[in-house]
Amino acid sequence: MFQILVGTEITFMKYRRYWYGFSLAVMLAGLVGLAVHGGLRMGVDFTGGRLIELRFNQRISAEDLRHGVDDVGIRGAEVQESGTTGMDFMIRLPAETEKIATDKGPTQALLERLQQQKPGLVGELLREEVVGPKVGKELRGKATLAVLLALVGILLYVAYRYEFTYALGGVVALAHDVIVALLMLALFHKEITIQIIAALLTIAGYSINDTVVVFDRIREQSRVGGKRTLDETINAAVNATLSRTLMTTATVLITVAALFWLGGEVIHDFAFCMFIGVGFGTYSSVYVASALALELGNSRDRRARFKATAAKA
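Under the numbering used here, read the sequence shown as residues 11 to 323, first letter to last.
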């Protein structure tokens, strides 16, 4: 099998506290973005309302489109340019403000108003989604429950297969990856949709798969015997899986990058979330899951030595 970086002896655990600082810095940046933007930007899937995606035959500014929306009596709409041509736009209408005094519907009324303002302008409806506020609330609750159940299920699985120390490290790493992905979405003001929830669950699955591979190798290395300390055992395990980890991560990131650049607006945010999550999922297997297992293992050993010393005294 093709391998790279074979026989490395990198002391990963030696630098773990620097990487703790890196994780905290990334989360802090995300929290700043969360505060600046006033929280997560929830999509129509969760808030309810109408999502309209339009393509025009000529350039139009977002400001002109916003005036057109106001002129037909729609309040609280959000207009966003998608792409760089100045002809593709997404309009989000809140559920409680999308009703207007016309039997034509908001999309048709808007297109007619824009054509009056700009003769020759033709708009093509690419996508239109309508979600009621009750359905949006139910989806929000189910999405949160799905993520929590995934974390609990993984905790039980890893605790059964290994031990609680490793299970705790694995679940903290998963929570770390999901939280970082959400905070990066907040920092870049990306919309939280059902596709994003699917990406978060995929990230959790990818992250625990990578973590379990490292944990398996730690267990194998601990059976070798000798006078290795726990951090030496973990370093040996991470070095042994380094080639596999880098090649797997590289192939996934290349695929996700292709989706990000070539997949179009519909899948753009999904690919962005996956790119962040896969990158941090690989990193967290070493510097969150394994490092936390080391910290807990060292703490347990210190308590055991203290009890032994106290018993002798």
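In case anyone wonders, no lab produced these hints; they're calculated from the structure. Each hint should be verified, as a subset may be incorrect.
[As the list claims (entries may be wrong)] Estimated spans, in silico, between C-beta atoms of each pair:
(1) R233 with L136: 55 to 63 Å
(2) I189 with L166: 14 to 22 Å
(3) E230 with M37: 30 to 38 Å
(4) K237 with V42: 43 to 51 Å
Positions of the beta carbon are idealized from the N, C-alpha and C atoms, including for glycine.
For each hint, the structure was consulted:
1. R233 with L136: 55 to 63 Å: holds, 58 Å
2. I189 with L166: 14 to 22 Å: holds, 21 Å
3. E230 with M37: 30 to 38 Å: Distance hint for E230, M37 holds at roughly 33 Å.
4. K237 with V42: 43 to 51 Å: holds, 46 Å
Comparing the model with each earlier hint shows no violations; every hint is respected.
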